[in-house]
Amino acid sequence: MRKGEVWWANLPSPIGKRPVVLLSRDEAYSVRNAITIAEVTSTIRNIPVEVNLGTGDGLPKKCVVNLDTIITIRKELLTEKITDLTSEKIDA
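Using this note's numbering, you'd call the opening residue of the sequence shown number 1 and step up by one each time.
Just so you know, the hints here were simulated from the structure itself, not pulled from any lab data.
Mixed in with the good hints, there may be bad ones.
What the hints assert, rightly or not - Lysine to any residue pairs mimicking SDA-like chemistry, simulated, CA-CA at most 25 Å apart:
#: 1; residue 1: K17; residue 2: M1
#: 2; residue 1: K81; residue 2: Y29
#: 3; residue 1: K3; residue 2: T41
#: 4; residue 1: K89; residue 2: E39
#: 5; residue 1: K75; residue 2: G16
#: 6; residue 1: K62; residue 2: T41
#: 7; residue 1: K81; residue 2: S13
#: 8; residue 1: K62; residue 2: E88
#: 9; residue 1: K3; residue 2: R74
#: 10; residue 1: K3; residue 2: A28
#: 11; residue 1: K3; residue 2: T55
#: 12; residue 1: K3; residue 2: T72
#: 13; residue 1: K61; residue 2: T43
#: 14; residue 1: K3; residue 2: D57
#: 15; residue 1: K61; residue 2: G4
#: 16; residue 1: K17; residue 2: K62
#: 17; residue 1: K89; residue 2: L78
#: 18; residue 1: K81; residue 2: D68
#: 19; residue 1: K75; residue 2: D57
#: 20; residue 1: K75; residue 2: S24
#: 21; residue 1: K81; residue 2: N66
Said to hold, decoys possible - Label pairs and their computed distance ranges (CB to CB):
#: 22; residue 1: E80; residue 2: A34; range: 12 to 22 Å
#: 23; residue 1: R25; residue 2: K81; range: 10 to 20 Å
#: 24; residue 1: I44; residue 2: I71; range: 16 to 26 Å
#: 25; residue 1: S30; residue 2: K62; range: 26 to 36 Å
#: 26; residue 1: S13; residue 2: T86; range: 29 to 39 Å
It should be emphasised that the depicted structure is a prediction, and the values quoted were computed from it without experimental measurement.
Cβ coordinates follow ideal geometry from the N, Cα and C atoms, glycine included.
Using the sequences and the hints, build the whole thing.
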């Protein structure tokens with residue numbers, strides 16, 4: 001696991017299964033059970049806290065990382081890696 005990876009996660013109700021971007025520093029993944037993530041959503045509001053993503057980023061459709069909703073979850077809620085974001089997207 002590395003910062004900037006996009007994974008499927010089974011988030012607590014009412015959210016459920018959705019893509020998330022890993023935000024924790026790389027060193028944390030091997031020693032911590034809790035990780036910091038941002039949700040990916042297809043609800044695009046065109047506000048400054050969103051980073052645009054799409055098929056060119058390895059996702060199935062146009063969406064955004066919502067950096068307004070940063071949460072910490074248990075690592076075992078991650079189910080499958082989807083893609084790696086570029087350094088440009090990570091630094092956006």
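Okay, the hints, checked on the actual structure:
no.	hint	verdict
1	K17 to M1	19 Å, holds
2	K81 to Y29	14 Å, holds
3	K3 to T41	18 Å, holds
4	K89 to E39	15 Å, holds
5	K75 to G16	15 Å, holds
6	K62 to T41	9 Å, holds
7	K81 to S13	21 Å, holds
8	K62 to E88	17 Å, holds
9	K3 to R74	15 Å, holds
10	K3 to A28	10 Å, holds
11	K3 to T55	20 Å, holds
12	K3 to T72	14 Å, holds
13	K61 to T43	11 Å, holds
14	K3 to D57	15 Å, holds
15	K61 to G4	18 Å, holds
16	K17 to K62	18 Å, holds
17	K89 to L78	21 Å, holds
18	K81 to D68	22 Å, holds
19	K75 to D57	23 Å, holds
20	K75 to S24	11 Å, holds
21	K81 to N66	18 Å, holds
22	E80 to A34: 12 to 22 Å	19 Å, holds
23	R25 to K81: 10 to 20 Å	18 Å, holds
24	I44 to I71: 16 to 26 Å	20 Å, holds
25	S30 to K62: 26 to 36 Å	33 Å, holds
26	S13 to T86: 29 to 39 Å	33 Å, holds
Of the numbered hints stated above, none is contradicted by the structure.
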